[in-house]
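Participant: Here the protein sequences line up with chains V and L, keeping their order.
Going letter by letter, the first sequence gives residues 13 to 258 in the numbering used here.
Going letter by letter, the second sequence gives residues 472 to 828 in the numbering used here.
Hint data in this document are derived by calculation from the structure and do not stem from the laboratory.
Note that this is a predicted model, so its numbers are computed, not measured.
Glycine included, each C-beta is placed from N, C-alpha and C at the ideal position.
Every clue listed holds true.
Label pairs and their computed distance ranges (CB to CB):
1) V/Phe28 x L/Phe694: 22 to 32 Å
2) V/Pro120 x L/Leu512: 21 to 31 Å
3) V/Gly79 x L/Leu819: 48 to 58 Å
4) L/Leu502 x V/Pro120: 25 to 35 Å
5) V/Thr74 x L/Leu767: 38 to 48 Å
6) V/Thr74 x L/Arg717: 27 to 37 Å
7) L/Leu512 x V/Gly188: 30 to 40 Å
8) V/Arg22 x L/Phe615: 30 to 40 Å
9) V/Arg22 x L/Gly616: 31 to 41 Å
10) V/Glu36 x L/Ile637: 54 to 64 Å
11) V/Gly54 x L/Thr747: 47 to 57 Å
12) L/Ala625 x V/Pro81: 38 to 48 Å
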Amino acid sequence: MAEQPFVECRGVSKAFGNVSALHEVDVDLYRGQVLAIVGDNGAGKSTLMKILSGVHQPDRGTIKIAGEPIRIADPHQARELGIATVFQNLALVDQRDVAANLFLGREPVRAGIFVNRKAMREGARRVFADLRVHMPSLAAEVGQLSGGQRQSIAIGRATAQQGRIIIMDEPTAALGVQESQKVLDLVMRLKAAGTGVVIVSHNLRHVFSVADRIMVLRRGRRVGERLHAETTPDDIVKLIVGAGRE
Amino acid sequence: MPDRGPDMDAKTLAVLTAAADQPPDVSTDRLLARLSRNRDLVLFIIAALIFLFFSLTTSTFLREFNLLNILRNTSLITIVAVGMTFVLIAGEIDLSVGSAYGVLTVLMGMLVVAVGLSPWLAMPIVILAGAAVGLFNGLFIVGFGIPSFIVTLAMLAGFRSLALIISGERPFTPRGTDVFYDLTGGNMLLPLGEDRVLHVPWLIIWMIPVVVIGGIVLAYTRFGYHVYATGGNREAARDTGINVARVRLSVFVLTSALCGLAAALVFGYLHAAAPTTGVGFEFRVIGAVVVGGTALTGGRGSILGTLLGAVIIGMITGGMVLFGYSQNVGDMATGLLIMVVGSLDLGLRRHLRSRAW
Ligand SMILES: Nc1ncnc2c1ncn2[C@@H]1O[C@H](COP(=O)(O)OP(=O)(O)OP(=O)(O)O)[C@@H](O)[C@H]1O
Ligand SMILES: [Mg+2]
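If we strip away everything but chain V, and leave its shape as in the complex, we get (with noise of 0.2 Å):
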């Protein structure tokens, strides 16, 4: 843990209008490590999330990789930065198939502009096999799936990506007992492959089942950043509701 982080945030804030969703938050994301961001509704989490996917650009900040300072323009770059990411809503074009879904805006092309149909099956089979996730059919319209073959799709879009880096916003959120496990059971083999995991979830549980640390928002500031083995749900509890400390 002594190596350097490969992400490093320093004093990020983002304001929508007059809305503070992020204020001077600072976080560090390490390869082989899971770190899981917890906070009430509202607290930031998925605006802190969208800015290391490059789909928010932050008001003030800097964003180190390996070393470096650099801008994340846009979701493009994020993955090639190494940064794949597991939206809060799935990001899924419910008109859509599996696969086109599962390469959403990257998607492969032959001749510069036709797309590749083939690879993505194939690139899609590899995915869901890796998952251990089934999936009835590759030309299923996504909106006709249900709320676990869903989600298994957004995760699948960021495990093929290979990243670096995976951001989960609230991964587990429309999934059951077993198909939560099976998340978390992902999350220890990316952490084990050299895959640095952020998770945001609502379920402690959860949160204590897969993660190295703990970092708390309320209302847009990092409250607390707590190693798992030095903390108790009863601890993270007070600190995303702030009671006592401060």
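Given the coordinates of chain V, assemble chain L with the ligands onto it according to the supplied hints.
Facilitator: Frame of chain V, contents of chain L with the ligands only:
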């Protein structure tokens, strides 16, 4: 939840390998689902039925309204409808196409008749002017965030007024001959003239590459995929790095440029540029696209569907004329058809959705 035994992976792979194949079970729902997916096939069957109906009920339909004539009569609509398909799939609408087509036709007439340009030179200028019109629409829609319905509704009035003003409300009629008029079918109007080559009307020959290229771009290129994504879920498209603004702008530019092409062609075909060209055109264009199965809500549709939609509307409008009704009745029938297609579609999708979970 399905069995998750140890042979899960093997089973998964087997299922995934057979992904595209349909399961053998053919219950009604499955049939409906398949129909809903293969809309183009359904449209084809409907088109065939309408064709059969008019062939059997009128003595002249087969002679007057063979497929080539139907296609010619709707070819300009189809050309613009190709662009409109992109617009609707991207989740937008362009109500200004009729007036844009009108003002661009006037521009074509002015360039050839008043300025004295060769129609061959005027045509690319008019197409570029069309692209500029689309850029203008797109600037308000994408740049200022005004809904496309509002912007293009305003432009529907604006461009028509412009057409009337710059033309002095009078048509431009070219004098003299040019191969341009031969190659757009315009010489049909001359004695011994003919609007076709090897039986195929020239307008169809112009339409074919637009339909083919449009269909390929939409279905098979990355740009086409991004058009579907933008209209299906704009936020998802943005989050995954699709340049949503560029996609939205492009579809308006494409459609207006095609209005420019249609304007140049209609000028050649009719040997005239009237400022009233294209009144009601937007209705027929959007009608063809919607009857062709493209959703007004975005994310769904195809060029083949649009072509079939245009043919269906063309047959109904033409058939009505054979029954002795006017174009107005044809438009009414088209309106009715849009209602029927729209509600069938919605009903079918609701039914399937209620069964899906
Ligand atoms: N695109 C946006 N435009 C305007 N306001 C936004 C936008 N995104 C987030 N916000 C606001 O920023 C604040 C933080 O939102 P964010 O989505 O980051 O919270 P969150 O911690 O992810 O909450 P949840 O647990 O509900 O997902 C909220 O007040 C929210 O309303
Ligand atoms: Mg969130």
